[in-house]
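Student: Sequence:
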Amino acid sequence: MTSRRYLLACLVLFSLPAMAEETNWADRIAFNGDIRLRYESIEQDAVPDRDRSRYRVRLGLKAQVYDDIRFVLSLATGADNPVSRNVTFGDSFGVDDFGLELAYVDWQVNDNWQLFAGKMKNPMLRAGGAPLVYDGDLNPEGVGTRFSNDRFFVNAGAFFVEERSTADDTHLLHAQAGVRLALGGASELTAGAGYFTYTNTMGNRPFHFSSARGNSVDGNNRYIYDYANSEFFAELDTRVGQWPLQVYAHYTVNHEVVREDTAYAVGVTLGSNKKQGDTRFSWTYQDVEADSVIAAFNDSDFGGGGTDSDGHILKGSYMLRDRISLGGTLMLNKVDGFSANERDYQRLQLDIEFKFQ
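At position 21 of the sequence shown (counting the first as 1) the number is 148 in the numbering used here, and the numbers step up by one without a gap.
Among the hints, a few may not be true.
So the derived label-pair ranges between C-beta atoms look like this [said to hold, decoys possible]: (1) Y166 to V236: 39 to 47 Å; (2) R349 to V236: 36 to 44 Å; (3) G160 to L372: 27 to 35 Å; (4) L308 to V236: 24 to 32 Å; (5) G455 to W370: 17 to 25 Å; (6) G160 to S337: 42 to 50 Å; (7) Q484 to W370: 39 to 47 Å; (8) D195 to Q473: 30 to 38 Å; (9) S399 to F483: 13 to 21 Å; (10) H298 to W370: 24 to 32 Å.
Source of the hints: derived by calculation from the structure; they are not laboratory data.
Positions of the beta carbon are idealized from the N, C-alpha and C atoms, including for glycine.
Let the hints inform the model, and build the full structure from the sequences given.
Tutor: Structure representation (structure tokens):
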């Protein structure tokens, strides 16, 4: 049994007996889920246009083992893709995959300190939610921690990336630290820095996907660089009248390469999408150079997924009801500039999403 599967098995065995001791165990379990239906259109130079319809389903539960410990479980479609839960309609009515998306223990050690173990929601801060380093669907496996008080915060994690039977394993180590500063009124500034590194990358094949997705590889399709990055990020939260406003930036550089080593994102979000009638708009500009980050794990949609891309992400959403939303995303990108095959890439997504909790 791999170390990853052993860890998940231990989490389940640890959680269930403790829950069984409680006479009111049913009151300690909360269910949640969502289904999203999507129309998508993709246009890029020298490639036929593509139109498709897709869906995503997620079903989860949160079980309060003790007052300070809870177990989180989630099942989702797109079971064999670390950075997407979408399934495309049109496979001759075949049965689609549905697999384990989350399985972790969340221990609230005290008012400020939290520990996670298992296959967890990513504990790392992504400024403005920008998918610069990690796709929003990426759920790492291992251990993580979060410390936070009124002013300071620290996020850290040690994650299993790839277990190998005939070579050293690859792990991801990531730590962030930052501050939150009240600026008066409704304004707050969050700013910080971090460092992350992958072990045993150079000389191994690209993670998960058979394609390097923009990263540099040799003639045998093996990474030719390691990845060790510093990062800097900031979010300014304020209001314009009754509208929440966030301005954000995220920057990272890979110290293991001498060119194509930098990625950054800047953007702004106006509005919210919490209750019926809410409207939210956002704009993000990203520039992700070829070897700035691991291409298997950043945004699966921007530029078609991976690195060596830059351009705009425009989003809008409207809450029809408290748990029903309409949304749209338009990506206007340029891809493959480093490989001397630069071309335009456009992607339009129209969504309707239903949630329960």
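Student: Hint by hint, say whether it matches the structure.
Tutor: Do the hints match the structure? See the list:
Between Y166 and V236 the CB atoms are about 45 Å apart, so this pair conforms to the stated range of 39 to 47 Å. Between R349 and V236 the Cβ separation comes to about 41 Å, which falls inside the hinted range of 36 to 44 Å. The hinted window of 27 to 35 Å between G160 and L372 holds, with their beta carbons roughly 31 Å apart. A C-beta distance of roughly 25 Å is found between L308 and V236, which places it inside the suggested range of 24 to 32 Å.
Judged by the Cβ atoms, the range 17 to 25 Å given for G455 and W370 holds: they are separated by roughly 19 Å. Look at G160 against S337: about 32 Å separates their beta carbons, and that is not inside 42 to 50 Å. Between Q484 and W370 the beta carbons are some 25 Å apart, a value that contradicts the proposed interval 39 to 47 Å. With their beta carbons about 48 Å apart, D195 and Q473 fall outside the hinted range of 30 to 38 Å.
Separated by about 20 Å at the C-beta atoms, S399 and F483 satisfy the suggested range of 13 to 21 Å. Look at H298 against W370: about 42 Å separates their beta carbons, and that is not inside 24 to 32 Å.
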